[in-house]
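> Residue strings, one per chain:
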Amino acid sequence: MKPILELKNISKNFPGIKALDQVSFSIIPGEVHMLLGENGAGKSTLMKILCGAYQADAGELYYQGEQIEIHSPSDAKKFGIAVIFQEFSLVPYLNIAQNIFLGREFSGWIPGTIDHSKMHAEARRLLDSLSVEYDTHTLVHTLGVAQQQMVEIAKALSQNAKILVMDEPTAALSDRETTLLFEMIHKLKAQGVAIVYISHRMAEVFSMGDRISVLRDGQYVGSADPQKTTPDELVQMMVGRTVDMVYQKNFVSKPGAIALRVENLCSSNGIRDIHLEVRCGEIVGLAGLVGSGRTEVARAIFGADPVTSGRVEVFGNDRVGEPFHSVELGLSLIPENRKSEGLALIRTVEENIVLAGLKKLFPSNWIRLSRSEQVANDLITRLRIATPSGKRPALVLSGGNQQKIVIGKWLSTESKIFIFDEPTRGIDVGSKSEIFSLIYKLVQDGAAVLLISSELSEIVRVCDRVYVMREGTISGELSGDLINEANVLKLGMADV
Amino acid sequence: MPIFPNLKNSDELSALFYRLFVVIFICIGLSFLSEAFLTVNNLLNVLRQASLLFLMASGLTLVILTAGIDLSVGANVGMSACLAGTVLLATGSTTLGFLTGICCGALIGLANGLLVTLLRLPSFIATYGMLWILHGITYYFMAGATINGFSKSFRMIGSGYWFGIPVPIYMMLFFLISGSIFLRYTIFGQQIYALGANPVTARLSGVPVTRRLLLVYILSGITAGLASLVFLARLNSAEGDIGEALTLPAIAAVLIGGTSLFGGVGTMLGTLIGALILTLVLNGMNILSIDGNLQALVTGVIIIVSVLLDLILRRKSVV
Amino acid sequence: MSNIHILSKNLGYRNYFQRIPGVAMMLMVGIFFFGILSKDFLSVSNLTNIGLQSSILLLISLPMTLVIMTEGIDMSIGALLTFCGVVMAYTLSVTHSLPIAICLAMCSGLLVGLINGSIIVYWKLPPFVVTLGTLGICQSLALVVTDGQSITDVGEIVQLAYNGKVGGVAIPLIFSVIAYFITYFLLYQTRFGIYVCAIGGNRESLNLAGVSTNFYHLAVYAFSGLMAGVASILLTARMSAGHPTAAIGMEFDAIAAVVVGGTSFEKGNGWLLGTLLGVLTVGVLRNGLNLLGVPSSVQVASIGLLVLVALLIDSMKMKS
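Protein sequence lines, in the order shown, are assigned to chains F, H and L.
Mapping the first sequence onto my numbering, position 379 (from 1) lands on 379, and the numbers just tick up by one.
Mapping the second sequence onto my numbering, position 220 (from 1) lands on 220, and the numbers just tick up by one.
Mapping the third sequence onto my numbering, position 147 (from 1) lands on 147, and the numbers just tick up by one.
Since the hints were made in silico from the structure, they are not lab data.
Virtual Cβ for every residue (Gly too), placed ideally from N, Cα, C.
Please note that the accuracy of each hint is not assured.
Unchecked claim - Stretch-level coverage of chain F by chain H, calculated; a stretch enters the list once three of its residues show a Cβ under 8 angstroms from a Cβ in chain H:
1) 334-347
2) 357-364
Unchecked claim - Only pairs whose alpha carbons sit at most 30 angstroms apart, straight line, appear in this in silico DSSO-like list of lysine-lysine:
3) F/Lys118 - L/Lys267
4) L/Lys267 - F/Lys77
5) F/Lys78 - F/Lys2
6) L/Lys124 - F/Lys339
7) F/Lys48 - F/Lys18
8) F/Lys48 - L/Lys267
9) F/Lys441 - F/Lys339
Unchecked claim - Away from chain H, derived, C-beta distances all over 12 angstroms, residues of chain L:
10) Met25
11) Gly30
12) Leu42
13) Ile50
14) Cys103
15) Gln189
16) Phe192
17) Arg203
Only chain F is shown next, with the shape it has when bound in the complex (with noise of 0.2 angstroms):
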């Protein structure tokens, strides 16, 4: 069958990354292509690129045979693309009927009235052409999050969409919902209407895929046949690689006595029994896929979610309460914005160093401006920050040197436990290398590090033991020579 839609040699470039290089992909009515790739591998920026997001640097887009160019979401409309993203664009208040067909409502025979029956019936044809029963009178924020997918997925038929991306779908789905999406989903495909679906769970990769392409570090690495290749294939395409020089480690962990304990751990942000431990000098990784739950772990034990169930003792003492308790007990995060997380970009480099430590450096609450200055140049150098001086806001800094100063604020605490929650991503190669000659170095001295990275190779190299996360829980623990790229992908991902 012909594509209606293809992308030929797809680049797209962000500073200092290679999101996409020279993608080619087709999209064939009918047809369910499965789009497989690790964290980073160029899947969410192809999706961005498809439904005009983003627009790609070089590279042609055909539809039906003719180039054409989509610079805005409306242009992906008109192509009938359409995207379902995790989060959903449904208004809360307004019902499904309402929601479906948001600005493109009936008018009835007064100009600027609404025509509702019209509107209901139409929706609740568009629904029951999808087996799904809700009422349309229904008002969207009632509904479960599955079944809000259900809308946002007949909003986008409802504009005729030919050409549906889905992200996950079946990440907050039931059983039985899942079971009625994919019905759904074969509906569609007789429908004529292509589908590209990404998905780390290789059971549905294999059941509902008619085709899979992998990608891997924004490069298209090849497609397979459901029906002839098996997972393993499938891992080993996703992960191949050559060796990153960047993370050259030439000391050996020597592990002492346990820094951080975590028992049982649930919160409120979704994760489920949570056990780990970190020794001083050593790396522990928390690996995963994205939306596995390695943040919500990072912000669970620092304090930043509230804890339903479990423990957390760093150096033996229970952790309870806010973040500042955890600072008290010299425990850091690193976060993964550092931008709206890590620093107050308003304030200078040397406000935002002393930040954390204020308490420690100056017990008596009072400060003494030539040590705050003193401990702030002080660390600038230590960590090569690229300041004229410390009274520069911290917005006009580069990336890397943002994130210097992010670590520079739990230096000054003393602190010996640093979580880093994806510490290197969007830095050049560069500062990459600094900071982790630099983790390497609290390494060394005695710190405990525990660090959340999506990338495989980051974690492979560096860390000392990994535990590696799936869909809110931990899946497994890697040490010594298991700590390798495919295993570590296979923990992450379902069904594998």
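Given chain F, work out where chains H and L should sit, using these hints.
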């Protein structure tokens, strides 16, 4: 120099200088427009008014630094003044009167703080509701009566002079210095700035958010309480609607002074200059016999303009 | 947003109709309470009085519902109402022409509403600051135009707007009914209503749907201003004068009515009937306290407490 270390770079320094320049410009302008301006009497009056305004605005500055607002300061002044006045007359003790005023202010501040931290109400709603409740209680309590006739020693703080300079001006200087020191030289001050600049980062950096928020609202209440005492002493009377018209000018003073509504930016000195500018403008309007009713209008316009300028500057620096 | 958040999200079913008992209950408790405490309360004339007095509040509370649904607020509406009343009275005293006066009053209201809306929508300043500023401006203007005094030379005809009847029905009641149904129509029968809900609920989705969101957002504030102008007709009629502090502070009653009625500052959740009930509740509270000889200042304090209680209940519901 204890006051200036609040300024971390030349941008803030120049911002303050611009404002000082505005003050000078207005003074020069007014002295040309009317001979009544440059008299010792008038100038002392301006300073006295500005001191009172600054007193209120100093605590308010702390609240606005955390990206919050306290719409109840005027009502706080009103209620504290009435309560303190009543106690003064009843007991004849200046000390008790003082304590009443300050405690009343502090308790109101605490109530505001609890609404914001425990109930998680947005500060403008919590303090707005508080405003009306305080008004109601004050009116009821005063039952339309006016109390007056306070002791000379008490009246000193409002209308007295030490070495030829009105007492309120000393208070203003005291609060300027102590406020600046608090903001720059204590960890509380730095944490307050961080809280306003980025509350998420502040929390994740170990700032005890609830405690600091409660602190700023209580401090705002205390300065309102103190202001009420000065007010009481100056007017030598108190009645139900005292303080009603004070909130808007207090907010204006803080905003004109360069404190950002969105938090994290601002100085005590700036608020002082802001109070001066506003007082000068209103004083000028008085001298030039401009309709007194336009004062609220002018204040409102100044507030909108200040917020707009702040927004533009902020967008510029972020982009 | 990660999968984990989807998995853990509270799927509690919040029954929309749980809100009916809330404000209706408060209303009934109020009527019951005051009926017992004051023998005059339940008389026909008093109840009619409540209806009449509430009409002005209803006229400004209806658009306030829409404003709050868009997660905004209009603090200036009390001062604006006062100002429009002053404009109307002034025009009457000068031209003695009712149509011109009504026209000018409504135009003033509309103009200020447009100003509020433009600054809020296009300059993206926070609504409460902007309307706080406009509050000061309107208050000032009212004082300037009247020079602090009432304008009493408004003629005889205008009073009919408050005291007159058409077909046996009091005119303010007619105003109320018409206003209610116009707002009802706008909110539930037109795109405007849907978009108001969407602006508060998920503004992004409205943008993605290609709707000119700013236009509708602006319209909400314009509507608010316009209704203040309309309400000023009743206000001037009731007082037979234009007084510069007539409705100062009424925004508080309006906000209280809307919030007590179930509309919250959350995500486009609004209930028009609830606002009507809220207006009646506030009206009953004021009237009842009046009959009991409670001074106006305490009345205001009670309404304040009512608001805080309603907000408390609201925030508790949000958490559960």
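> Does the structure break any of the earlier hints, and which numbers would those be?
Failing hints: none at all.
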